[in-house]
Every structure is written in structure tokens, then in C-alpha cells.
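Visitor: Okay, here's what each chain looks like letter by letter:
Number of protein chains: 2
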Amino acid sequence: MIAAARMPWPEAVTVCEVGPRDGFQMEHAFIPTEVKVRLINALSRTGLREIQATSFVHPKAIPQLRDAEEVMARIDRAPGVVYSALVPNERGAERAVAARVDRIDIVVSASDSHSLSNANMTTDEAMARAGRVAALGREAGTDVTIGFATALGCPFEGFLPYARVEALVARAVEECGLARVGIADTVGMANPALVRTTMEALRRRFPAAGFSLHLHNTRGMGLANLLAGCDAGIAHFDASVAGLGGCPYAPGATGNIATEDAVHMLEEMGIATRIRLDALLEVARQVQEAVGHAESAVLRAGTSRMLLGARRDGQTKLGAS
Amino acid sequence: MIAAARMPWPEAVTVCEVGPRDGFQMEHAFIPTEVKVRLINALSRTGLREIQATSFVHPKAIPQLRDAEEVMARIDRAPGVVYSALVPNERGAERAVAARVDRIDIVVSASDSHSLSNANMTTDEAMARAGRVAALGREAGTDVTIGFATALGCPFEGFLPYARVEALVARAVEECGLARVGIADTVGMANPALVRTTMEALRRRFPAAGFSLHLHNTRGMGLANLLAGCDAGIAHFDASVAGLGGCPYAPGATGNIATEDAVHMLEEMGIATRIRLDALLEVARQVQEAVGHAESAVLRAGTSRMLLGARRDGQTKLGAS
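Chains A and B, in that order, are what the protein sequence lines are.
Residues 0 to 320 in numbering that gives the first Met the number 0 are what the first sequence lists, from first letter to last.
Residues 0 to 320 in numbering that gives the first Met the number 0 are what the second sequence lists, from first letter to last.
These are calculated hints, taken from the structure and not from any lab test.
Glycine is no exception: its CB is placed at the ideal position from the N, C-alpha and C atoms.
Keep in mind that the hints are not guaranteed to be accurate.
For the chain B half of the interface with chain A, some residues (derived, Cβ under 7 Å), not all of them [to be verified]: (1) L159; (2) P160; (3) N190; (4) A192; (5) L226; (6) M268; (7) V297; (8) A300; (9) L306; (10) L307.
Anything over 12 Å on all C-beta distances counts as not near chain A; from chain B, calculated [claimed, not checked]: (11) E33; (12) G46; (13) E68; (14) A72; (15) A77; (16) G130; (17) A134; (18) T141; (19) A200; (20) R203; (21) R218; (22) Q285; (23) R304.
Here chain B is said to cover these stretches of chain A; the calculated rule only asks that three of the stretch's residues, wherever they fall, bring their Cβ under 8 Å from a Cβ of chain B [to be verified]: (24) 147–158; (25) 212–218; (26) 223–229; (27) 267–277; (28) 299–306.
Only chain A is shown next, with the shape it has when bound in the complex (with noise of 0.2 Å):
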């Protein structure tokens, strides 16, 4: 075998939080308005640069965000963070602008069975609705990003073949004239080769593209997904703080990579996300008491720095290890 380059890490890298999205939506009781406001203020100010408030999906499709207007009307903007919002279709967009949010994110099903299962439409009519909800968005001055669901993993019709993938992510870039995509590991069912040699020949192959990669932990992989992502250049990861997020396949199972688990891994290794540990992790507890939960290992267990201060007669057994 011949060894291939290696490229650099990111020296630094974007942290997207959309626990406010992502997280809860999948709680089974309504988190009231203004415990989401408080919260998404709390996120403003830790150093994060781009949040994910809400969803402009239909009250009824996902009654957790059925406050989507009040939140974002409510929220202090801080200056420099992104507040984007998912936005499935045309209405949705247009309530999303009407909103003022500063950013529209997109989200395809990558397989044909989970999008129709989720969307009830085909993978391809669902590019052709991103298409009209792309051009709404760029009429409206406002940004717009999509992302694949599944394109690392698909529940019903396992890893998708690449080239489905590259073609995807071909019409979003050159069709729809999107900068940005998103490759979802929807289920947490990828592993770091295919995460890495995906993401390079993305890379490669939409050099002027902005790639960011959305990973879940359900089977402890989440971490290791994101190292290789850096190990492929990326420098975008989507992030939900506590651990938010949860998989609909795998009930119990952890959900999206912790924000703060995720940070204190980049952060150790030298990758600047100028978001601020303590703050975050400040906010990630307000969260679990919110909530009542959070599946966040740094939460549990503090920092790798926190342990430093750590008695020496706190212990310890002869042969631990």
C-alpha cells in the first residue's frame, strides 16, 4: 500500500449548535418558549458563531417547534452568530424570511427510502423542491445551506454508493448554486473510513464548496467520525449541546456529538473553535436540568484540564490502570 499524504488538521474549526433544533424537536414534552429563548441566549454567548434555532416545519408535523416565529422574535441577537432555521418547503421559507432569520438550512434525504419515508417524496423531488426553496431564500437576500440526511448511512438501505452521494451534492452546488452542504450521518451508523475517504473525494471533486459533516454517537463512533472528518479537511461540524438529539432507530441511544465534547476534543488537540469550554459547559447543565437529560461525557465527567485539580487521596487501588 502507498501511503498518502496527510493533510494538516484545521486550525480552526465552526461549531453549528442545533440542539435548539435538533434536541428539541426530539423531546417528548414542549419545551416552553421562553426556556428556549433563555437558553439560545445562553448559547449566543459562549463563543458560538452559528445556532440552529428552530424549524419552520408544520405546527403539526413537529409540535415542539410549533413556536418557531415567537422564538425567533424573541431571541437577543448576538452580534456575529448565525441564528439559522430548517426549513423543509417553500412555506416554510417564506415564514423563515418573514422571521428574519439569517440563515435557511435545507435538509434532503439522501435515499430514496428515508426520504419518502420521512418526507413522503423521492429523493429526487425533494431536490427539486430545495431548488424553489433555495431561490426563495436568494430573492429574499437571505443565505441558504442543504443538507443530506443518510449520506452516511441510510436505515433501510444501509451505506448509500458514493457516486449517489457526489451526484447529490453535484446539483446542489451546480444546479441549485448552494456553497454550502451539510453530509449527515442521520442514524450514527458511519465509521471514520468511510467519513474520511467520503470527505476527501467530496473535497476533491467540489474544491470551492464549503463541506460540513452532521454526526450522531449512537454507537460511540462520534468523536472518532469527527477526527475524521479533520483528518479530511473539514472544518464545519454540527454540534448539540448535552448531547441532544436522540436517534428514532435506536431508542435509549445517544443522539448528536455533545457540542461541549466535541469542543473539548478540538480544543485539546490544538483546534481553535473560539467558544468558550466553561460557558458552554455552564449552559450544556442548564440544559439537562431543563430537560431532564443529557448524554455528554465532559458533562459527567469534566474537562481533561478540571482533573488537574484532583486530591491525591481521592484514591486509589493498587494495579488501576
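Chain A is already provided as a structure; the job is to place chain B on it using the hints.
Guide: This is chain B only, laid out in the frame that chain A set:
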């Protein structure tokens, strides 16, 4: 920055199961000998080729493993499986040899603070003792390995200078004649950058030595660190069935990387372990039942492949991504 050459991942790796030692010693309650024997026998039938079965420490130091002789006498020795034991001192080595262990595993804390706290002697003194233990093993014709606790992070001293770790390995390899050296992230502080640079440097400096990594998942980085080890060409990892092991410095935190999570990720990446994951998961369930807990993502969520059996109607919400 100049891109370094990327080493191909190992084609196959060996996973050493340390649950019966590192895991069982952390359990508050004594696990009955017959349960230990049953679980070790079950582990022996999964394809695992190395099992650290117990520890010949003083029974008062770790009463949980006071049945070391009985465990070694009663287990079925599966052909091709190496049954090792942790040995802290000369007396332990004599006991281990008498119990016919296949291999003696020595542990020395790389930091003085941890060594003093854990073994009541400096690292230097512990190395001298390790040399005597190694000599005893050699005389008896028993394989000996050494592992350096806290080499990738000490709760008292933080991250050790690489030069200290290298000097200890040099002493182990060149003075004690030990061919296999473990590098441990004892309290789960290490990050992938540290793991990769440390292991690459050690492999360059000691090309004839066999290195293994002992990783904990305390801060969620366990599998990312495993990946970083593979990046550095490491093909030998410790792991603990059901994620047993705990971390004395982080109450409630997870322990060693779970063997089933490690095997799952490696096999998904195309790196052979020769371990049958279905059989291993069945043992992990038995372990979970025996000790009343587990820290294992795959045990909780199922494997990526199992997910493909998921039924379509189990889902799903618009906007899941």
C-alpha cells in the same frame, strides 16, 4: 505546513480483553469465582486471543481479585488464547508462575505522583522492581509485558513530557529486555493529537518494540484515540467487555473503551479483529447482567448492521437529520 505521509491503517489488530481484571477489580461487590470463570470462558469463545484474566496483587489491596489462583485453575484454557495476569511485584510473579499464567503483565506509573499514590514508590523504584519481576518471568519461561500508566496523562501532573515516557520505554526495552510495551491513558485525559504524536514518535524510536494502547472513554474520546492509534500504526489495544473499568477520579464516568464498541468500529472500518461481534455482544449482555451495569454504545444501540433490520414504520418525524 508540510503534509506528512499518511500511514495505512493496520490490516488487522489484536484486542486484549482486560475486563476480568481492570473491570472486575473496580466493582464494589465481589464477583463470585464461578461467575468470573463462566464469563472468562465465554470470552474465550468469541475469537479474542488475549484475556487479562486476573491480578496477583495482595488480596487485601484488591479483595475483588482475591481468587486469582482459583480463577486461573478453573477456567478452560482455549487453544490459541493467551491468559495473562497483572503482576505488581515479585511475590505476585511467583504466584502467577505457579498458577501457570501465559503472560505476566507489569504496570508502572509513568508519573512519580501517581506511582507514589498507587504503589507507594517512585517510578524509578517501580522500574527497578519491574526489572526483577521481568527476570523472574524470564527464568520461569513466561512472557512478560510492561504497561505505563498515566503515560498519556496523569491526574496530578497533567500531560507528561514525551522525553520522560521515551526514557521509561527505553529502560523497559533496553534494560529489562521487554519487547511489548503498553501506553495507557489511565484516567481518560488523552486526545487524538497526543496519542498520534506520542505513538508515532515511540514507534520511530523503538522500531522493534511492540506497542499497545490502553484507552479509557471517560471524556468520550476513547474511540477517537483508538483511531489515532491506528493512524500511528498501532495494532494492539486493550479494551473491556461492557465498558467495565470505571475511573477512580471521575465518579460515574465511563471506564475502558468497551471491547464491543472497539471491535464494531474496527470491523466497520475494514480492520480485522478475528472476533465474532455477535458472540462478544452476547457475553457483554451476560457481564451487564452479572455486574448490573454497562457502558457500551453498541450494547445499547445495536450494531450498524443490525440497524438495517429496522422497520420503516418505526419512524419518523419530518426534519429528522
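Visitor: It remains to establish, for every hint, whether it holds in the given structure.
Guide: Results of checking the hints against the structure:
Taken as an interface hint, L159(B) does not check out: its beta carbon lies about 13 Å from the nearest beta carbon of chain A, beyond 7 Å. The beta carbon of P160(B) comes no nearer than 15 Å to any beta carbon in chain A, farther than 7 Å, and the hint placing it at the interface is violated. Because the beta carbon of N190(B) sits about 4 Å from the nearest beta carbon in chain A, less than 7 Å, this interface hint is met. Here the hint on A192(B) is kept, as its CB sits about 4 Å from the closest CB of chain A, short of 7 Å.
For L226(B), the interface hint holds, since its Cβ comes within 7 Å of a Cβ in chain A; the closest pair sits about 5 Å apart. For M268(B), the suggested interface contact is upheld, since its CB lies about 4 Å from the closest CB of chain A, less than 7 Å. Hint status for V297(B) relative to chain A: holds, with the closest Cβ pair at about 6 Å, below 7 Å. At a threshold of 7 Å, the smallest CB-CB gap from A300(B) to chain A is about 4 Å, leaving the interface hint in force.
The interface hint given for L306(B) is met, as the beta carbon of that residue sits about 5 Å from the closest beta carbon of chain A, less than 7 Å. The beta carbon of L307(B) comes within 5 Å of a beta carbon in chain A, closer than 7 Å, and the hint placing it at the interface holds. For E33(B), the non-interface assignment is confirmed: its Cβ lies about 23 Å from the closest Cβ of chain A, beyond the 12 Å cut-off. Against the 12 Å criterion, G46(B) stays outside the reach of chain A, whose nearest CB is about 20 Å from its own CB.
Residue-level check passed: E68(B) sits 16 Å from the nearest beta carbon of chain A, beyond 12 Å. A cut-off of 12 Å between C-beta atoms confirms that A72(B) is not in contact with chain A; the least separation is 21 Å. For A77(B), the requirement that its beta carbon stay farther than 12 Å from each beta carbon of chain A is met, with the minimum near 25 Å. Against the 12 Å criterion, G130(B) stays outside the reach of chain A, whose nearest CB is about 18 Å from its own CB.
No beta-carbon of chain A comes within 12 Å of the beta-carbon of A134(B); the shortest separation is about 20 Å. Every Cβ of chain A is farther than 12 Å from the Cβ of T141(B); the closest lies at roughly 18 Å, confirming the non-interface assignment. For A200(B), the non-interface assignment is confirmed: its Cβ lies about 15 Å from the closest Cβ of chain A, beyond the 12 Å cut-off. Against the 12 Å criterion, R203(B) stays outside the reach of chain A, whose nearest CB is about 14 Å from its own CB.
With a minimum CB-CB distance of about 5 Å to chain A, R218(B) fails to clear the 12 Å threshold, and the non-interface call is violated. With a minimum CB-CB distance of about 19 Å to chain A, Q285(B) clears the 12 Å threshold, and the non-interface call stands. The non-interface label for R304(B) is inconsistent with chain A: the shortest C-beta to C-beta separation is roughly 8 Å, within 12 Å. Restraint check on the segment 147–158 of chain A versus chain B: 5 residues with Cβ-Cβ distances below 8 Å, three needed, restraint holds.
Chain B is given as covering the segment 212–218 of chain A, and this holds because 4 residues of the stretch bring a CB closer than 8 Å to a CB of that chain, at least three being needed. Coverage of the segment 223–229 of chain A by chain B holds in this model, with 4 residues showing a Cβ closer than 8 Å to a Cβ of that chain against a need of three. Remark: the segment 267–277 of chain A is confirmed as covered by chain B, as 3 of its residues place a Cβ nearer than 8 Å to a Cβ of that chain, reaching the required three. For a cut-off of 8 Å, the count of residues in the segment 299–306 of chain A with a CB near a CB of chain B stands at 6, and the three-residue condition holds.
Figure legend: structure checked against the earlier numbered hints; hints not met, in rising order: 1, 2, 21 and 23.
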